[in-house]
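K.L.:
This is what each chain is made of:
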Amino acid sequence: MFEKTIGFRIFFWVILLTIGLFVVFPIYWMINTSFKSPSELLEPTLFPLKPTLEHYWNVIQDKQLSVYFKNSMITAIISSLLATIVSAYAAYSFSKFRYRGRKTFMVLILISKMLPYAVLLISIYSIMRTYGLLDTHFSLIFAYITFTLPVGTWTLKSFFDEIPNELIESAKMDGASQFRILHKIVLPLVIPGMISVAVLGFVTGWNDLLYSLTLVTDPDKRTIAPGLVFRYLGEASSDYGGMMAASTLISLPSAILFLFVQRYFIRGLTSGAVKG
Amino acid sequence: MGLQTPRMRDKQLNIRQKKELTESQFGSLLAIPAMLIFAIVILYPFIKSVYYSFTNEKLLSNETSWVGLENYLNNISSNNFIDLLINTLVFVSITTFVPLVIAFAWSIVLVQGFKGESFLRTITLYCWVLPIASIGLLWKWIFDANHGFLNELLSKWGLISENINFLGNTTTAMMAVCVAMIWHSFPWMMAFLLGSLNSVPQEQIEAVRMDGGNNMSILRNVILPHMKPILFVIVILSLINRFQHFDLIWVMTEGGPAHSTTTFSIEVYKQAFQNFNVGQAAATGMIWVLSLSILIFVYMRRLKEDA
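Chains as they are written, first to last, in this note's numbering: chain A, 1 to 276; chain B, 1001 to 1307.
None of these hints come from the bench; they were simulated from the model.
Incorrect hints may appear among the rest.
[As the list claims (entries may be wrong)] Covered stretches of chain A, going by a simulated chain B footprint (3 or more residues, C-beta under 8 Å): (1) 28-39; (2) 109-118; (3) 139-145.
[Said to hold, decoys possible] Listed below are several chain A residues computed to face chain B (Cβ distance under 10 Å; list not exhaustive): (4) F47; (5) P48; (6) I74; (7) I77; (8) L81; (9) L82; (10) Y89; (11) G101; (12) P192; (13) Q262.
All C-beta atoms in this analysis are idealised placements derived from N, C-alpha and C, irrespective of residue type, glycine included.
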């Protein structure tokens, strides 16, 4: 794409080194710290001279952190699956059907991101409190679906837009019901998009702090993000080794998921954006 | 098709009409789950918030009365309001445009395709996948006033004589938070940009090259125009997201020190869940929506002028 002029080469190497360092070093530092034995934690050595697994071991064995981890798994997985299905249905509806209110609703969903979530949280909090749903997985799952809905419907709609109407028409001619068309013919065609949305939904739910901090105060139901905050901004605020070990560990589910679906993910998100 | 009697034709029309009715019904039915969740989690709370903003609701006491514009006036006239506005604008613009430039440069480097490129790409995306709570803790540790890496590095290089309390200093706190946010933001921008860069039509590049164009003219005449739509999308998405953002700032500074990193979302949270002043918080929220709308409007207007 670019001619390898001297100017370009300089640009290439400068950017590679500076941004490369910017990206890699903090991650390296996190892992580095997590392996340092307590005595050398406060030394800025680039390499643990006495590496230890004790921080990881402490975190893994910690009963409370395991509970947090489990809660996050439940909420993130369920909300991600539900968000994908709900977004897919809505996107298909927007893409291939015409009915009153369709355009309005599309716009509303897209605009929802512009609304102050922290303010909406106030009312959600009081609704959940009224119905006794505070400190449940349900309240979080429900909220997380709305986080993913805008991007999910937008992405999937552009996938559905790509499907030629003739395909659907001919299936109708063959006597297939709408239900069958959707599930047996159309959905399989948008699997890359659905994978992207599912991964996004999972990461969103897994990472959330604001809602989980507010809607859940029972430590048994708490998720991992507020869990980490309570633990390491509180009494354990100088347990840097443990802090870094815990941080590394809780990134693993999203990271592993991402590794598997990286191909689909970038394709899924950008194909919609580039065309739309 | 053969001979069709008028009766047959009518019957066919009726069947098609019936099918179409059922079809649009089916379509709207599909959208109902989304509509329902949206109404409960977004629409109803929003309307309720607008109502709250005109009252002195405290969620604890049972008396709530209409106070008109008092909450709004309190907000605007408070000493902190200008700071709030500036903090939010600074945070939102720095964490939108700086990562965009970084992501763009990084994408240009990565698109060359060299050994280790996919490793770098994966690691970059890891920065985005890492939970915000972790990122906050990590950068808090890097910026730590006593033993943080940055301080150690700066003093080792002789650039400072005593440690800087990055997160405890009103002048440096916002920058520190922005750096962490930039680190987290530019990966997803890179993902979008890479996709777009990869689809730049090769023929156009050849054409410019044959006309004697150099790298800069390829950039200006082929690449940038091709990427304009995606750049637009990235900026809008980022502006909206950063306006919302709460988590990272909360973990790193809780809005401190002395409100220097308090943005709209932090302020709303504090008012609602620490002061329990729900009416006030709702009013702040409404001002927030207004500010964001104005920002987006101005941005889109500016774009139209450019085009």
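K.L.:
Let me know if the C-beta of P192 of chain A comes in closer than 10 Å to any C-beta of chain B, holds or violated.
P.N.:
violated, 13 Å
K.L.:
Can L82 of chain A be said to touch chain B, with a Cβ gap under 10 Å?
P.N.:
holds, 9 Å
K.L.:
Can the hint on F47 of chain A be confirmed by a CB-to-CB distance to chain B that is less than 10 Å?
P.N.:
violated, 13 Å
K.L.:
Does the closest beta carbon of chain B sit nearer than 10 Å to the beta carbon of I74 of chain A?
P.N.:
violated, 16 Å
K.L.:
Checking hints one by one. Is I77 of chain A an interface residue toward chain B, by the C-beta closer than 10 Å rule?
P.N.:
Hint on I77 of chain A: violated, closest Cβ of chain B at ~15 Å, above 10 Å.
K.L.:
Using C-beta distances, would you say chain B covers the segment 28-39 of chain A, given that this needs three or more residues below 8 Å?
P.N.:
holds (count 3)
K.L.:
Verify the coverage statement for the segment 109-118 of chain A against chain B, using a C-beta to C-beta distance below 8 Å and requiring 3 or more qualifying residues.
P.N.:
Held - the segment 109-118 of chain A has 8 residues with a Cβ nearer than 8 Å to chain B, which meets the minimum of three.
K.L.:
Answer holds if the nearest beta-carbon of chain B is closer than 10 Å to that of P48 of chain A; otherwise answer violated.
P.N.:
violated, 14 Å
K.L.:
Taking the closest Cβ pair, is Y89 of chain A under 10 Å from chain B?
P.N.:
holds, 4 Å
K.L.:
Holds or violated: Q262 of chain A as interface residue toward chain B, Cβ cutoff 10 Å?
P.N.:
holds, 7 Å
K.L.:
So is the segment 139-145 of chain A in contact with chain B by the C-beta rule, three or more residues under 8 Å, or is the coverage claim wrong?
P.N.:
Contact hint for the segment 139-145 of chain A vs chain B: holds, 3 residues under 8 Å.
K.L.:
Report holds or violated for the interface hint on L81 of chain A, using the least CB-CB distance to chain B and a cut-off of 10 Å.
P.N.:
violated, 13 Å
In terms of the numbered hints stated before, the structure departs from hints 4, 5, 6, 7, 8 and 12, listed from lowest to highest.
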